[in-house]
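Trainee: Listed below, chain by chain, are the residues.
There are 2 protein chains.
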Amino acid sequence: MKTMIMERIKNKDYHDKIMSAMEAAALIKDGMTIATSGFTPAGYPKAVPKALAERIKREGIDLKINLYTGASVGDELDGELARVGAIKKRLPYQTQSDCRNKINCGEIDYIDMHLSHVSDFVRYGFLSKIDIAIVEAIAITEEGYIIPSTSLGNTPAFIENAELVIIEINTRHPKELEGIHDVYQPLKPPNRIPIPVITPKDRIGETYIKVSPDKIKAIVISDIPDSVKEFPEIDEISQRMADNLIDFLENEVDNKRLPENLLPLQSGVGAVANAVLGGLVKSKFSGLSIYSEVIQDSVLDLIDSDKVNIASGSSLTLSPKGLERFYNNIAKYKDKIILRPQEISNSPEVIRRLGVISMNTAIEVDIYGDVNSTNIMGTKMMNGIGGSGDFTRNAYISIFTTPSTAKGGKISSIVPLVSHCDHTEHDVQVVITEQGVADLRGLSPKEKAKVIINNCAHPDYKDALLEYYSNEMNQCHISHKLNEALSWHYRFLSTGTMKK
Amino acid sequence: MKTMIMERIKNKDYHDKIMSAMEAAALIKDGMTIATSGFTPAGYPKAVPKALAERIKREGIDLKINLYTGASVGDELDGELARVGAIKKRLPYQTQSDCRNKINCGEIDYIDMHLSHVSDFVRYGFLSKIDIAIVEAIAITEEGYIIPSTSLGNTPAFIENAELVIIEINTRHPKELEGIHDVYQPLKPPNRIPIPVITPKDRIGETYIKVSPDKIKAIVISDIPDSVKEFPEIDEISQRMADNLIDFLENEVDNKRLPENLLPLQSGVGAVANAVLGGLVKSKFSGLSIYSEVIQDSVLDLIDSDKVNIASGSSLTLSPKGLERFYNNIAKYKDKIILRPQEISNSPEVIRRLGVISMNTAIEVDIYGDVNSTNIMGTKMMNGIGGSGDFTRNAYISIFTTPSTAKGGKISSIVPLVSHCDHTEHDVQVVITEQGVADLRGLSPKEKAKVIINNCAHPDYKDALLEYYSNEMNQCHISHKLNEALSWHYRFLSTGTMKK
Numbered sequence: 000m001k002t003m004i005m006e007r008i009k010n011k012d013y014h015d016k017i018m019s020a021m022e023a024a025a026l027i028k029d030g031m032t033i034a035t036s037g038f039t040p041a042g043y044p045k046a047v048p049k050a051l052a053e054r055i056k057r058e059g060i061d062l063k064i065n066l067y068t069g070a071s072v073g074d075e076l077d078g079e080l081a082r083v084g085a086i087k088k089r090l091p092y093q094t095q096s097d098c099r100n101k102i103n104c105g106e107i108d109y110i111d112m113h114l115s116h117v118s119d120f121v122r123y124g125f126l127s128k129i130d131i132a133i134v135e136a137i138a139i140t141e142e143g144y145i146i147p148s149t150s151l152g153n154t155p156a157f158i159e160n161a162e163l164v165i166i167e168i169n170t171r172h173p174k175e176l177e178g179i180h181d182v183y184q185p186l187k188p189p190n191r192i193p194i195p196v197i198t199p200k201d202r203i204g205e206t207y208i209k210v211s212p213d214k215i216k217a218i219v220i221s222d223i224p225d226s227v228k229e230f231p232e233i234d235e236i237s238q239r240m241a242d243n244l245i246d247f248l249e250n251e252v253d254n255k256r257l258p259e260n261l262l263p264l265q266s267g268v269g270a271v272a273n274a275v276l277g278g279l280v281k282s283k284f285s286g287l288s289i290y291s292e293v294i295q296d297s298v299l300d301l302i303d304s305d306k307v308n309i310a311s312g313s314s315l316t317l318s319p320k321g322l323e324r325f326y327n328n329i330a331k332y333k334d335k336i337i338l339r340p341q342e343i344s345n346s347p348e349v350i351r352r353l354g355v356i357s358m359n360t361a362i363e364v365d366i367y368g369d370v371n372s373t374n375i376m377g378t379k380m381m382n383g384i385g386g387s388g389d390f391t392r393n394a395y396i397s398i399f400t401t402p403s404t405a406k407g408g409k410i411s412s413i414v415p416l417v418s419h420c421d422h423t424e425h426d427v428q429v430v431i432t433e434q435g436v437a438d439l440r441g442l443s444p445k446e447k448a449k450v451i452i453n454n455c456a457h458p459d460y461k462d463a464l465l466e467y468y469s470n471e472m473n474q475c476h477i478s479h480k481l482n483e484a485l486s487w488h489y490r491f492l493s494t495g496t497m498k499k
Numbered sequence: 000m001k002t003m004i005m006e007r008i009k010n011k012d013y014h015d016k017i018m019s020a021m022e023a024a025a026l027i028k029d030g031m032t033i034a035t036s037g038f039t040p041a042g043y044p045k046a047v048p049k050a051l052a053e054r055i056k057r058e059g060i061d062l063k064i065n066l067y068t069g070a071s072v073g074d075e076l077d078g079e080l081a082r083v084g085a086i087k088k089r090l091p092y093q094t095q096s097d098c099r100n101k102i103n104c105g106e107i108d109y110i111d112m113h114l115s116h117v118s119d120f121v122r123y124g125f126l127s128k129i130d131i132a133i134v135e136a137i138a139i140t141e142e143g144y145i146i147p148s149t150s151l152g153n154t155p156a157f158i159e160n161a162e163l164v165i166i167e168i169n170t171r172h173p174k175e176l177e178g179i180h181d182v183y184q185p186l187k188p189p190n191r192i193p194i195p196v197i198t199p200k201d202r203i204g205e206t207y208i209k210v211s212p213d214k215i216k217a218i219v220i221s222d223i224p225d226s227v228k229e230f231p232e233i234d235e236i237s238q239r240m241a242d243n244l245i246d247f248l249e250n251e252v253d254n255k256r257l258p259e260n261l262l263p264l265q266s267g268v269g270a271v272a273n274a275v276l277g278g279l280v281k282s283k284f285s286g287l288s289i290y291s292e293v294i295q296d297s298v299l300d301l302i303d304s305d306k307v308n309i310a311s312g313s314s315l316t317l318s319p320k321g322l323e324r325f326y327n328n329i330a331k332y333k334d335k336i337i338l339r340p341q342e343i344s345n346s347p348e349v350i351r352r353l354g355v356i357s358m359n360t361a362i363e364v365d366i367y368g369d370v371n372s373t374n375i376m377g378t379k380m381m382n383g384i385g386g387s388g389d390f391t392r393n394a395y396i397s398i399f400t401t402p403s404t405a406k407g408g409k410i411s412s413i414v415p416l417v418s419h420c421d422h423t424e425h426d427v428q429v430v431i432t433e434q435g436v437a438d439l440r441g442l443s444p445k446e447k448a449k450v451i452i453n454n455c456a457h458p459d460y461k462d463a464l465l466e467y468y469s470n471e472m473n474q475c476h477i478s479h480k481l482n483e484a485l486s487w488h489y490r491f492l493s494t495g496t497m498k499k
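Just so you know, the protein sequences line up as chains U and F, in that order. So in numbering that gives the first Met the number 0, spot 108 of the first sequence is number 107, and the numbers just go up one at a time. So in numbering that gives the first Met the number 0, spot 325 of the second sequence is number 324, and the numbers just go up one at a time.
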């Protein structure tokens, strides 16, 4: 233990601050705003939130906090705290089922934010002041600086703006992870200068997070792993979406609208996104680069197959097998992967400059190309918008993928009108389902409607969509029968299917 | 005439290209894509489109073009060509009534685009190839370069990507306008570098547009003025919105969330936006700057009252009186005004870097803060999204203003669900009506609903909104009664009022 501490916490002044998770958790009081490391779900603190939940249960106290993170975090944080009713307000993104259920029953106030906005909103004083930042790290340098673990998220801005900091040193991650991070924090306007990322491989900051030593109130030792799930086998639907995507990209290259090695790729989080990106392994493309939020297992496949030269993101969201593979070849992968703060990975400035090709998943798309990414039937929060808006809005080409149906065919993902709008008709350029590709660039709404219905809708719903989009409507710009526009969703809620 | 030509067209090789508007219009053939200068509505070509319309009428020919502009243009272009049925496809923004009517009856295909996207979409080959660019200019330099008139818009990218160029030299504008423009064109990814605007006053390009001389096929002399309307007197509702805005900004300064001289201001186009910005003349603020799209009359007031040091935009959208005032003091104003291409004035990169405070007008806002800027009752195109998305999405603080009612009280601008979504709940931070201010930052949807209804809705509609947003719904995240969500709009269409 002593050797480990000497190795991991090089600044000896910090050794006095080591305490148990339960002691650190006692610093957290009712009404506080707690901001943590962690991004989809990698590199979040685990021991202290578990201890806090344990304390709340044991002592039967009523303690509620505002919880700010990078993006989604694991059960040890969102799950444990949601189950003991300790979360009052939550931002900016979540995927944990107990947390989601409490949001959807109104017990947790959830702010569903663009990931690129969070650090700025904290910096500008738009959100409640951060009382304590809890940060997972792999080590502390001699200068007392923090070396983060498997994600960077909003950690630098949270630390800078927090009253106190608790560090969880997680010994499960090898020290060799040091050097993968690139910590850069923009100044506040009017003193902000260009973010100097010109290519995805540019390192513009430091490999550690600077912190004033007197802010650090507790250091806790932990070895709890990140709770990233294994990805399922790629199913036929995902495979067909991936094939359609690659056909589309090949066609863009053939028509000189993209260079042969494409442009930097972004892919959303989750199994479908992982499968779609993984489809590139078998493609003819090479010399690719990734400028995204999450580095999922498929990125390791793309690096191993020499398809990808550089991958920039904000987190290593690797399955247990993927993480093992990463750690077994850490020198090789570290050379090709950069982790950045999410305000840089998701920066509108950098995304538009690099010409990122964005690929995100939709819950539903309407006939004019509006996309719902968040609320099932307009009323049930799934996860949140995450970074999809940051990328979509500034992409070179913005692409959304979705299977054409859900719930065994009872839901059509192509609908007359989205029941909640996260990406507007102005932002969405390409829609891909297993049925085909709708390229909406340069099309008017009435042209879009035909392409989306004909190329992307499931055959079971095509006639009903064409009926909705009748000839009479075809005479206008955007048209809706306002008393029917949301009737498909209403029917599903009433009868269990969108089918008539 | 000869003196004027020698003065205005300094490159003598170009003198042979001078011809009548009718001769130049003969270059335009059926099926062509024509891209023009012009921005809300300033600096658009007038003589050639008028001649084209005249020719179509006289010869009874069927000639249809795709028409791309910077933003809205005047009657001589959109009006004349729409009335003779010569517009097949139109982008990215319009305000002319005949053009709008043809869009809403389905005769013109309209693509309602973010203004910052257009030049890139042309450059990337996402839109049909430009056959002819028609550009209004005040002069041509000895090198054969073009000095634009009262706007810059997409003109540089249109000229670079057009097959042929027609120039309208408009002698109504004094030669002294030269020097107001700052022409900068980004490279295509992957070779794009940071746009070096660090403060609103930075000039980063040239005062003219370079062009290959052999592209120029015609030069037409004209003296038709821009058709900007006089602004109406500021009404009581607009005055109260302006007062509410200033109260809000003062409160931000008091709470240290904004510096004393604020941050660069953006204001949308139109009478309400002009009135709201003009409200700052009587405020206590000074040392202000503007980083916007349009320079309207209120900006001259702000410069004259020493409130504003620098105003950057893409067009001089001045009323006839405003333009006269500008030209009478051109040296003074030229020192404080910069006209940029709209991809720079509306650049997400620059807007987020500078920390622009965006102020745009909404058609309607729903109880969760989604905004409709474009389609009345979800189905009737008003003007278009323009630059509101470019600014809103990247602003330091994004503000929307709207009178709480329209049509003499028969329409509530606060509705259960927007009938068309242009700005999502994730993007909209502050809503201001004459009733009050809803500051949505850091609020969950259910908190937003209460603040929007209580602070912004008209008393005539408050109870009905609170009834919609019932206690039962209050228990969830975002909730809608899907069979009622659009019933207010449906009721208006059926009965002529949203009132029950």
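Treat each hint with caution, since some may be false.
Said to hold, decoys possible - Chain U residues, not near chain F, derived (Cβ > 10 Å throughout): (1) E159; (2) D213; (3) S226; (4) D303; (5) V436.
To be verified - Calculated pairs, SDA-like style, for lysine to any residue (alpha carbon to alpha carbon, straight line, at most 20 Å): (6) U/K88 to F/E446; (7) U/K480 to F/Y144; (8) U/K445 to F/E106; (9) F/K200 to U/I192; (10) F/K214 to F/Y144; (11) U/K174 to U/E235; (12) U/K480 to F/G105; (13) F/K306 to U/P189.
Said to hold, decoys possible - A short list of chain U residues far from chain F (calculated; beta carbon distances all over 10 Å): (14) K88; (15) K174; (16) G408.
Hints are computed from structural coordinates only; laboratory data are not their basis. Keep in mind the model is a prediction, meaning the values are calculated, not measured. All C-beta atoms in this analysis are idealised placements derived from N, C-alpha and C, irrespective of residue type, glycine included.
Trainee: When you check the alpha-carbon spacing of U/K445 and F/E106, does it fall within 20 Å?
Mentor: Holds, at roughly 11 Å.
Trainee: Check whether the Cα positions of F/K200 and U/I192 lie no farther apart than 20 Å.
Mentor: holds, 14 Å
Trainee: Is U/K174 close enough to U/E235, meaning Cα to Cα at most 20 Å?
Mentor: violated, 40 Å
Trainee: Quick one: work out the minimum CB distance from U/K88 to chain F and report holds if it exceeds 10 Å, violated otherwise.
Mentor: violated, 7 Å
Trainee: Does the claim that U/V436 lies outside the interface with chain F hold up, using a Cβ gap greater than 10 Å?
Mentor: holds, 15 Å
Trainee: Compare the distance between the alpha carbons of U/K480 and F/G105 with 20 Å, and conclude whether the hinted pair is satisfied.
Mentor: Distance of about 16 Å is within 20 Å: holds.
Trainee: Under the criterion that the straight-line Cα-Cα distance not exceed 20 Å, is the pair F/K214, F/Y144 satisfied?
Mentor: Status holds; Cα separation ~12 Å.
Trainee: Say whether it holds or is violated: U/D213 keeps its Cβ farther than 10 Å from all Cβ of chain F.
Mentor: holds, 23 Å
Trainee: Decide, holds or violated, for the assertion that all CB atoms of chain F are farther than 10 Å from the CB of U/E159.
Mentor: holds, 16 Å
Trainee: Could you grab the alpha-carbon distance between U/K480 and F/Y144 and see if it respects the 20 Å cut-off?
Mentor: violated, 52 Å
Trainee: According to the definition I'm using, a residue is off the interface if its beta carbon is farther than 10 Å from all beta carbons of the partner; does U/G408 meet that for chain F?
Mentor: holds, 21 Å
Trainee: With d taken as the least Cβ-Cβ distance between U/S226 and chain F, does d exceed 10 Å?
Mentor: holds, 24 Å
Violation of the numbered hints given earlier is confined to hints 7, 11, 14; the remaining hints are satisfied by the structure.
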